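Sequential numbering of the sequence shown, starting at 1, is according to the working numbering.
Please note that the accuracy of each hint is not assured.
Claimed, not checked - Quick list of simulated restraints, FRET-style, between CB atoms:
1. PRO121 x ARG86: 17 to 27 Å
2. VAL117 x GLU39: 35 to 45 Å
3. ASP73 x GLU39: 17 to 27 Å
4. ALA120 x GLY64: 22 to 32 Å
5. ILE72 x LEU51: 18 to 28 Å
6. ALA93 x LEU44: 34 to 44 Å
7. GLN70 x GLU40: 15 to 25 Å
8. VAL68 x VAL135: 37 to 47 Å
9. ARG85 x SER56: 20 to 30 Å
In case anyone wonders, no lab produced these hints; they're calculated from the structure.
Since the structure is predicted, the reported quantities are computational estimates derived from the model, not experimental observations.
In this text, a Cβ means the ideal position worked out from N, Cα and C, and glycines have one as well.
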Amino acid sequence: MIGRRGRQTRDRGGLRSTCALLVALVYAAAAGPAGAGPEEDRALEGKALYLRFCASCHGTEGHGESIVGQYIDIEIPDLTRIAERRGGWFPDALVRETIDGRHAVHGARQMPVWGHVLSAPQASAITEYLYWMQVPLPGLDGSRAPSPGTKSEGAGPGGS
Numbered sequence: 001m002i003g004r005r006g007r008q009t010r011d012r013g014g015l016r017s018t019c020a021l022l023v024a025l026v027y028a029a030a031a032g033p034a035g036a037g038p039e040e041d042r043a044l045e046g047k048a049l050y051l052r053f054c055a056s057c058h059g060t061e062g063h064g065e066s067i068v069g070q071y072i073d074i075e076i077p078d079l080t081r082i083a084e085r086r087g088g089w090f091p092d093a094l095v096r097e098t099i100d101g102r103h104a105v106h107g108a109r110q111m112p113v114w115g116h117v118l119s120a121p122q123a124s125a126i127t128e129y130l131y132w133m134q135v136p137l138p139g140l141d142g143s144r145a146p147s148p149g150t151k152s153e154g155a156g157p158g159g160s
């Protein structure tokens with residue numbers, strides 16, 4: 001573009017538009033995928049916690065195959081099949097209670113008690129991650145177990 005004095009000047013409007021577009025793209029990328037809700041956020045936090053506290057025994061994929069499992073004398077459960085073993089519904093409260101030590105597993109307590117290490121929100125985040133690991137994913141037909149003290153219509157097998 002030629003300025004008033006005959007010198008060539010830069011098109012500052014185009015530069016501003018380019019900068020604005022770059023800023024918008026950076027913010028959009030930082031915001032994450034559209035539609036990500038609190039459950040997905042909690043599940044992502046739960047994955048990080050699971051990998052830190054649970055994967056050494058249950059494996060990174062949750063199938064119970066790990067290095068530690070070779071050296072202990074109990075069968076480590078496949079955490080991707082919790083719902084399948086319970087007739088298709090996922091028992092949120094029971095899973096949280098197992099993580100924090102309120103519910104004993106394997107008869108005698110063989111699994112470490114994480115209640116003194118993990119906060120209640122962290123145990124809930126791991127529970128949410130385990131829910132999303134289920135094969136097949138429960139809950140599409142209302143099969144997630146009810147929280148204690150709630151009505152159970154449509155929450156479990158048969159919808160009692």
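Tested hints:
no.: 1; hint: PRO121 x ARG86: 17 to 27 Å; verdict: holds, 24 Å
no.: 2; hint: VAL117 x GLU39: 35 to 45 Å; verdict: violated, 23 Å
no.: 3; hint: ASP73 x GLU39: 17 to 27 Å; verdict: violated, 37 Å
no.: 4; hint: ALA120 x GLY64: 22 to 32 Å; verdict: holds, 26 Å
no.: 5; hint: ILE72 x LEU51: 18 to 28 Å; verdict: holds, 19 Å
no.: 6; hint: ALA93 x LEU44: 34 to 44 Å; verdict: violated, 22 Å
no.: 7; hint: GLN70 x GLU40: 15 to 25 Å; verdict: violated, 34 Å
no.: 8; hint: VAL68 x VAL135: 37 to 47 Å; verdict: violated, 22 Å
no.: 9; hint: ARG85 x SER56: 20 to 30 Å; verdict: holds, 22 Å
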